[in-house]
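Sequences are here, hints too, so could you generate the full structure?
Going down the list, the sequences are from chains W and S. In terms of the working numbering, the first sequence is numbered consecutively and its last residue is 354. In terms of the working numbering, the second sequence is numbered consecutively and its last residue is 521.
Treat the hints loosely; a few may be bogus.
As the list claims (entries may be wrong) - Using C-beta positions, here's what the derived DEER-type ranges look like:
(1) Gly267/W to Gln313/S: 28 to 36 Å
(2) Arg69/S to Gly87/W: 12 to 20 Å
(3) Pro117/W to Trp436/S: 20 to 28 Å
(4) Asp64/W to Pro85/S: 42 to 50 Å
(5) Ile46/S to Pro141/W: 27 to 35 Å
(6) Thr105/S to Gln239/W: 38 to 46 Å
What the hints assert, rightly or not - So the derived list for chain W, only partly shown, Cβ under 10 Å to chain S, looks like this:
(7) Tyr11
(8) Ala14
(9) Leu16
(10) Glu17
(11) Gln79
(12) Leu123
(13) Ala148
(14) Leu180
(15) Gly298
(16) Thr300
Unchecked claim - Here are some, though not all, of the chain W residues that point toward chain S, as calculated from beta-carbon distances under 7 Å:
(17) Leu20
(18) Phe183
(19) Leu190
These are calculated hints, taken from the structure and not from any lab test. None of these values were measured; they are calculated from a predicted model. All C-beta atoms, glycine included, are put in the ideal place defined by N, C-alpha and C.
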Amino acid sequence: MKQSLLYQVSYYLAYLELTLTIVFAVALATSAALARWRRARHERLCTAGREVLARAIAAGTIDDAGVATFERLPWTVQQELVHEFGGALTGSGRERLSSLGHRTGVTQRAVSMCASPWWWNRLAGARVLTALDHDAPAMHPLLRDRSAVVRAQAFVWAAGRDDQAIIDELVSRLADPARLCRFTVQDSLLRLGRPAATALRRFLADPERPGLADALSVARGLGQPELLDPTLALVSHSQGEIRARAAAVLGVLGGERAVEALTQQLGDSTPAVRAAAARALGELGAWTACSALLQLLGDTAWPVRRESALALRRMGGAGTLTLRRALGAENPFAADMARQVLDLPETVYLQVTV
Amino acid sequence: MNTWADALMRTLLALAGHLGGFAAAMAPVVARVLASLDFAILIYFIAINVSYVLLVTCATWELAMHVLRIRGESRARIMGSAVTPSISILAPAYNEEATIAESVTALLALHYANLELVVINDGSPDRTLEVLKERFELLPIHSIVWKRIETKPVRGLYRSRSHPNLLVVDKVNGGKADALNVGLNLATGDLVCVIDADTIVDADALQRLARPFLNYHDILAAGGTIRIANGSTIATGRVTDPRAPRTFVAGVQVVEYFRAFLFGRLGWNLVGGNLIISGAFGLFRRDAVIAAGGYTHDTVGEDMELVLKLRRQAYEGRRSHRVLFVPDAVAWTECPESLRVLGRQRDRWHRGLADVLWRHRRMLFNPRYGVVGMWCYPYFVFVELLAPVVELLGWIGLVLGVAAGLLNASFAILFFLMAYGIGAVLSMYSLLLEEWSFPRYTRFSDRVRLVWFLILESFGYRQLTVVWRLRGLWKFLRGRTDWGRMERRGFAKPPAGGAPPNAVTLAPASPDSTRSTTAVV
Chain W
1 MKQSLLYQVS
11 YYLAYLELTL
21 TIVFAVALAT
31 SAALARWRRA
41 RHERLCTAGR
51 EVLARAIAAG
61 TIDDAGVATF
71 ERLPWTVQQE
81 LVHEFGGALT
91 GSGRERLSSL
101 GHRTGVTQRA
111 VSMCASPWWW
121 NRLAGARVLT
131 ALDHDAPAMH
141 PLLRDRSAVV
151 RAQAFVWAAG
161 RDDQAIIDEL
171 VSRLADPARL
181 CRFTVQDSLL
191 RLGRPAATAL
201 RRFLADPERP
211 GLADALSVAR
221 GLGQPELLDP
231 TLALVSHSQG
241 EIRARAAAVL
251 GVLGGERAVE
261 ALTQQLGDST
271 PAVRAAAARA
281 LGELGAWTAC
291 SALLQLLGDT
301 AWPVRRESAL
311 ALRRMGGAGT
321 LTLRRALGAE
331 NPFAADMARQ
341 VLDLPETVYL
351 QVTV
Chain S
1 MNTWADALMR
11 TLLALAGHLG
21 GFAAAMAPVV
31 ARVLASLDFA
41 ILIYFIAINV
51 SYVLLVTCAT
61 WELAMHVLRI
71 RGESRARIMG
81 SAVTPSISIL
91 APAYNEEATI
101 AESVTALLAL
111 HYANLELVVI
121 NDGSPDRTLE
131 VLKERFELLP
141 IHSIVWKRIE
151 TKPVRGLYRS
161 RSHPNLLVVD
171 KVNGGKADAL
181 NVGLNLATGD
191 LVCVIDADTI
201 VDADALQRLA
211 RPFLNYHDIL
221 AAGGTIRIAN
231 GSTIATGRVT
241 DPRAPRTFVA
251 GVQVVEYFRA
261 FLFGRLGWNL
271 VGGNLIISGA
281 FGLFRRDAVI
291 AAGGYTHDTV
301 GEDMELVLKL
311 RRQAYEGRRS
321 HRVLFVPDAV
331 AWTECPESLR
341 VLGRQRDRWH
351 RGLADVLWRH
361 RRMLFNPRYG
371 VVGMWCYPYF
381 VFVELLAPVV
391 ELLGWIGLVL
401 GVAAGLLNAS
411 FAILFFLMAY
421 GIGAVLSMYS
431 LLLEEWSFPR
441 YTRFSDRVRL
451 VWFLILESFG
461 YRQLTVVWRL
471 RGLWKFLRGR
481 TDWGRMERRG
491 FAKPPAGGAP
501 PNAVTLAPAS
511 PDSTRSTTAV
521 V
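This is the structure in structure tokens:
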């Protein structure tokens, strides 16, 4: 009975496996043959499309024959060419590419894709419009799309828009639940540069908002003086990570108030904050903080001792003198760290990072 | 001589007579045992195949979604950002004087903006360090190192004058895990990429591998696809013309790697059960690895051990976490070309697997460890670890069954075809997945060759792998922890006219091959 069952099961499974193997082998052979044909065709079509685009961008106009040639290309080839050229062009070249996209119907198709119920279509449409740098209203709803990957693409597109409403939307998205979106927003804000500072100042003014840590990373990258006041308010934030990032921003912004706040932060209860403050003071060359940093050479946390010593070394004469004094310190950890940092060759200590 | 032969024959006949009588008496019991064994093996077989079908389904879905997500993406823009995480590549090297300069040059040329390369010379007795000093103008430096992981002593630290992002560490020999731990202590990147010194990494592979770290806040590690470079053309440290290997032993490993990566690891992505990041190419969050205590020294499966340790600690700390496989991030490696060396490698892999699973045995069927404890870990125990034992029992049952007349020969053949047919189906499907997603082989002949290897695999090779894995299990039970010698064939000159100048081809070694290195790290 059992053997009969075994036999039956084995028979049908072996039969199924054989059928599947043959089906897959045929599919593989067909795919491989088709791929070869498609590769050759794709290459030929891409070459034709590239010629049209290159001529049009160089001349500034496109003739009807060129439009017709480009329109005849498959959508996948059109997309690929737009991505290829869009990634390499800026300024007038990009504007010409954008107008070319409009004349050949690529823009309209991408816009209609942005309204698709399928996320991959919306994503593809958004990517084409980003490559064309096209200011389409169809992109605005995508800034709040339900798919994170589509939202992120819309944020990339937004980096090219100097529109206060879009910048405000971007800044508010620093609190996006998806890591990818937060990363893209940070990148886009940094690319926008100064125009993003005002919206960012408003964002930083509310200490309860989620996304403050990422906002401070952007603030550090922008380094705009108008960000000083909200950053100073954050040095007493309840979260250690926020206080540490605020210290890093102050290390870029500088000024008397920043140095004063940083010196106070050297006494923070969180080692990461003390280390960040020491580092920032070193970057500012704030020699007035030498005595406070000397105290930190004997800190219980290794990163704090290291950052304090490196900060002193960066401060030049006053800092080096302080380090030499520390060689005779009672605390063996302070003396050891001072010795290690003083031993660093001149060219090396600036490269040492955490 | 004849007298001895006659005596031996008489003894054997007498023994056979006794055994024959014994066998006749025991026949009903043996029949019952064999029938039960066969039935148990069939149940096991069906359970395995159900797992495979689920994994294949997951892998197909995952791959389709991945392809849709990355189509038309602009990585260059994102990777040129000021907020991308920095990466430190950790490359342990032992006796690599012949290739180290080219490998390091290729790694320094990877397309990633914020990159640091830490080469760890693990006490090589050859000229590895001297070659590095000469080629990259190394200067001795002092550094302030926070020794968060205990390691063997560091003899010297060097930074390159021509490439400031190159740091070379010279240390006392302590094995690969120790070398990587030294690298972890010294690295400054947010992420650490662990590779073997002879791994050939695709130029854009780091950009692709870093993608999950931008997508998810809770990711601990990500691994890329390892492909086999034997038979391919390599120029200036990059694979420029991927070809399927010509030899059976290398070719069949290509099929195995496809199966392992494209359906195994990709399938686990969807259910969150990835346990292996290849030691040849993986990216980790540095702070997480250091918090976990780095690599474990006394195991030959240190790469899997690290991932399992990271996941276990995350579960115990009730932290959400991910370990992902990225199919389009590709690194190439040289695989063994001889059965002897391949046998040693597989023996070591299986010993490593057994050791790691034994260390973390508390996770087995433990709901505290989520999908890993309830599904992934048991899968590794019952499917990956014990498969050779079950396969051996199956063979014994089949042979005894046929010998005792309980099974007929046609059934035995049918069972053999069924048991090995699933491997062929999965391999064929993996080839198909590769063809539909990120194909590298452009020639039809390469695919034909792989299909041929895939068919031949079931006749002799699969049985050999069972023997090697059983040997590994046996050695594990006896407490052996040595690595064995991994002999690499090295680079040979490319065929005339078949490759650009300065190109080399990983090819079968010949007695006069230009290089032959032995990597023990």
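Each hint tested on the structure:
For the pair Gly267/W and Gln313/S, the beta carbons lie near 33 Å from each other, so the given range of 28 to 36 Å is met. Checked against the given bound of 12 to 20 Å, the beta carbons of Arg69/S and Gly87/W, roughly 18 Å apart, stay inside it. Between Pro117/W and Trp436/S the beta carbons are some 25 Å apart, a value that agrees with the proposed interval 20 to 28 Å. Separation of Asp64/W from Pro85/S is about 49 Å and conforms to the stated range, judged on CB atoms against 42 to 50 Å.
For Ile46/S paired with Pro141/W, a C-beta distance near 50 Å fails the hint of 27 to 35 Å. Taking the beta carbon of each, Thr105/S and Gln239/W are about 44 Å apart, inside 38 to 46 Å as hinted. This hint holds: Tyr11/W has a C-beta 6 Å from the nearest C-beta of chain S, less than the 10 Å allowed. At its closest, the beta carbon of Ala14/W sits 4 Å from a beta carbon of chain S; the interface hint therefore holds under the 10 Å criterion.
Using the Cβ-Cβ criterion of 10 Å, the hint placing Leu16/W at the interface with chain S is satisfied: the shortest such distance is roughly 8 Å. Because the smallest distance between the Cβ of Glu17/W and any Cβ of chain S comes to about 3 Å, under 10 Å, the interface hint for this residue holds. A least Cβ separation of about 6 Å between Gln79/W and chain S falls short of the 10 Å threshold, and the interface hint therefore holds. The beta carbon of Leu123/W comes within 7 Å of a beta carbon in chain S, closer than 10 Å, and the hint placing it at the interface holds.
At its closest, the beta carbon of Ala148/W sits 8 Å from a beta carbon of chain S; the interface hint therefore holds under the 10 Å criterion. Interface restraint check for Leu180/W: the shortest CB-CB distance to chain S comes to about 4 Å, inside 10 Å, so the restraint holds. Using the Cβ-Cβ criterion of 10 Å, the hint placing Gly298/W at the interface with chain S is not satisfied: the shortest such distance is roughly 16 Å. A least Cβ separation of about 14 Å between Thr300/W and chain S goes past the 10 Å threshold, and the interface hint is therefore violated.
Taking 7 Å as the C-beta cut-off, the interface hint given for Leu20/W holds, the closest approach to chain S being about 5 Å. Evaluation of the Phe183/W hint against chain S yields a held restraint, the C-beta minimum of about 5 Å falling below 7 Å. For Leu190/W, the suggested interface contact is upheld, since its CB lies about 5 Å from the closest CB of chain S, less than 7 Å.
Checked against the numbered hints given earlier, the structure breaks hints 5, 15, 16 and satisfies all the rest.
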